[in-house]
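Take the sequences, apply the hints, and build the full model.
Yeah, the sequence shown ends on 876 if you go by this note's numbering, and it's all consecutive.
Treat the hints loosely; a few may be bogus.
Derived lysine to any residue pairs resembling SDA-like cross-links, with alpha carbons at most 25 Å apart [claimed, not checked]: (1) 635 to 821; (2) 739 to 584; (3) 679 to 621; (4) 716 to 855; (5) 739 to 841; (6) 817 to 776; (7) 814 to 597; (8) 703 to 714.
These are computed hints drawn from the structure, not numbers from a lab.
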Amino acid sequence: MSAVITEQVPSADATSTEPATPGLRAGAFGHATSLTCRECGHELALGPHYACPECFGPLEIAYDFPAVTREQIEAGPANIWRYKALLPVPDDIEQSPNMEPGFTRLLKADNLARTLGIDNLWVKDDSTNPTNSFKDRVVACALSAATEFHAKVFACPSTGNLANAVAAAGARAGIKTVVFIPSNLEQPKQVNSAIFTESLVAVEGNYDDVNKLASEIAGEEDGWAFVNVNVRPYYAEGSKTLGYEIAEQLGWRLPDQIVIPVASGSQLTKVHKAFQELIKLGLVEDKPYKVYGAQATGCSPVSVAYKAGVDAIRPVKPDTIAKSLAIGNPADGIYVLDICRETGGAVED
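So this is what it looks like as structure tokens:
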């Protein structure tokens, strides 16, 4: 048995029958074809959209993937761009002033495996990314989208790790960055972000309060690309690279079980999406696997819903030292529940 643990994060008016956002160059989003509402199925043209204009449901990127082989992927660079054919990025992404995160180590944890009574246990170590977390993956995809949308400001609400990733990526690309954080965020994380941007805005309240403010600004200000708000569909796709890498590093096999920390829940849903895409493309064998979500006890609305056997997620006020997991109203919580239940996994705290 193999188990993998990974590290732990506006309205629209165009439809799929309308032209794409003006000014987009051909191939700006690779093989991505449209945005589709997860709830009602409504389609939108690719653009800086956050939610479905019909039901305000979250948007998912749809693709028309080309034939991709293991050999083509393995010949690519040792970072997330080896999977560029499966991401909403242009074919020339490697020539952009972007970060190059990914293809991080998959460590065999024999001592921990013995303690837990597991035959084979692997830990995905994303601490070796440019700013030491998986957020560099999602930010790289968000920056590509922001560039294609001619954004003048690259911004985010954050519990810490995302702020660091956005500030560093923006500095490298030469775009103005603004990051919004809870005022009680750990001082070391504030210092890390301040190294790369002078626009660090501390907001009274928790992450959900910060996110609300960011959403309001995104809806009012032109030229602002909030990575996890109005370019969230593109941003979230970066987490798929964790799933791609795990499968490739296991010898193009899927794990039997995978445990993923849950804050917003996006990472878990995208790793599952990555596994399904690899199966569809014939790059891995179609086999059962179980997905488990892990939450901090002081901020565990998804775990509470799972244990209660209900579908609704009741928001909570975070009370945990795990600030990076302190999202009391997780945007993808209901989808985490669906995936963990469908695969025979669980959500625990």
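Hint by hint, here is what the structure shows:
| no. | hint | verdict |
| --- | --- | --- |
| 1 | 635 to 821 | holds, 20 Å |
| 2 | 739 to 584 | holds, 16 Å |
| 3 | 679 to 621 | holds, 21 Å |
| 4 | 716 to 855 | holds, 20 Å |
| 5 | 739 to 841 | holds, 17 Å |
| 6 | 817 to 776 | holds, 18 Å |
| 7 | 814 to 597 | holds, 18 Å |
| 8 | 703 to 714 | holds, 22 Å |
Violated hints for the displayed structure: none, as all numbered hints are satisfied.
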